[in-house]
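From just these sequences and the hints, can you work out the full model?
For the protein sequence lines, the chains are A and B, in the order given. So for the first sequence, our numbering puts the first residue at 1; every next one is plus one. So for the second sequence, our numbering puts the first residue at 1; every next one is plus one.
In short, the hints are calculated from the structure, not lab data. This structure is a prediction, so every number in the text was calculated from the model and none was measured. Even glycine gets a Cβ: it sits at the ideal position worked out from N, Cα and C. Treat the hints with care, since some could be wrong.
Unchecked claim - Below, computed lysine-lysine pairings styled on DSS-like, alpha-carbon distance capped at 30 Å:
#, chain 1, residue 1, chain 2, residue 2
1, A, 101, B, 21
2, B, 21, A, 396
3, A, 434, A, 286
4, A, 44, B, 40
5, B, 3, B, 40
6, A, 396, B, 10
7, B, 40, A, 396
8, B, 40, A, 296
9, A, 369, A, 252
Stated by the list, open to error - Not close to chain B: a few residues of chain A, all C-beta gaps over 10 Å, as computed:
#, residue
10, 46
11, 249
12, 273
13, 288
14, 323
15, 339
16, 387
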Amino acid sequence: MSVAEKPLYYLTIHEAQQLIRERKLSPVALTQAVLDRIAAVDGKLHAYINLMADSAMASARVAEAEIAKGNWRGAMHGIPFAVKDQLDVEGAPARVRQFTKGVGDATPVRKLREAGAVLMGKLHMSSMPGAELPLPRNPWNTDHITGGSSTGSGAAVSGGMCLGSLGEDTAGSIRNPSAYCGIAGLKATYGRVSRHGLAPLAWSLDHCGPMARSVEDLAHMLNALAGYDGKDPTSSEQPVVDYTTALREDVKGMVIGVPRDYIDECAPRTDPIVLRRVDEAIEQLKALGARIEVIKVPTLHLATIANAVIYYNEFWAANRNAAASVLATGAAQRRARIYLGLLTNSADYIQAQRIRSRCRAELAQVFEKVDCLALPNQNGPAPRVDEVGPIDTLFKHVVPEFHGPFNLTGLPTLSVPCGFSETNLPIALQIVGKPFDEVTVLRAGYSYQQQMKWYERRPTI
Amino acid sequence: MDKLIEASLKAVLAREGLQPKAGDLEQFSEIIELYAGNLKQLHSVDLGSEELGPVFRPEWK
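So, in structure tokens, the structure goes:
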């Protein structure tokens, strides 16, 4: 479908920013189209928990006036975006902070606003307070879940209710909903995107990052988001590059490692259609000129449980002063995390950290020979809403799977659509890179995306 | 739930002055047992004595 044929709400950020820069598209018209779309479909999808329509239109009018005067700030200027509720917004602190204060705008929100982007509102996240809130539904089939915990972020982008969103990922929470909802998602290197204003789940595992329709959209968002922030003690001072330099349709000579042993270890709990689609995607990368190498990371099979131990201990520590209230009134996942954190002793936590060091060292050796890794990004297509229990995600977090190892090691990780199941539910490929080498990860994803064009498909809602 | 795991969890909850929500230990028994079992795997690998996890560095920046 050409840009001219697409509804405005289904433009990619890349397409919209070109039109806005050339003054062929008004940010006000774009924001109004997205608000109309929200009115039309969010009654079915339940992505928004706090729609900020008036302030969004005010921001869009400011953007339009600035651009009319020739003051175009960059690719995000006038682009409607929304944020997972876990991030604080001025006047709308994260609900998951039941017992602590927000900080005003979280740094990632502030940075996108400073880039001229238009904040549409806040999006649902799983296991937050407010059991009365309906669970977001998957735009590809509303009988199915979106994946979490960035539940609303996946549904909103996929359903045309914003052009990009912010998610948070402690054990797959950007990559899982991106995969289930057929969009692209990036968990950048730990420290690349500030966590200031992000209500913590686990300090050393939490990653904030962009979710959007295409890889180039992620590059545009990361250009606005990346960089040192003195308000986040783990923020990195590594230099920031222009991530759109990754947008080359070329993986010739790139060496892509496939952790076949680890994929086989996860295979009994993985739907065969996922393995098949991912193998097809890896073959496609090979056909595009990449060299595929089977690699081994001996301790990777312990990485998921190590990630879980660190997650639940840090969650327990972060919530200790409010634990009685969380146990009395919190969502089932939050209560369960408290119990699991309490069950773990200091030797377990230290051992998990030692496994983290070992995995990091093993991966550093592997990355001397390869440029990135390719592997599955989900255990199966999105399950049906009525098949999912309140703590099912926790079962995934304690046995070997595809997400936790890269929170544990903090590596940049991309989710890019790689096809559909027999029941027309999206499936994604995961691409993992060296620390702070988001460019290579985005380049591999972009090259694959441009060949296959899965991102051009839109759900019928 | 395994009696030893249940007793351990109740003891540490009591130490922290906490009460489990009614029905929680029954509802969560499967995940608690799976997690406790997988904790043993965590210690199944010999990492040697030299490899520390959290490393203290004294510099200020």
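Those earlier numbered hints the structure runs against, lowest number first: 4, 14, 15
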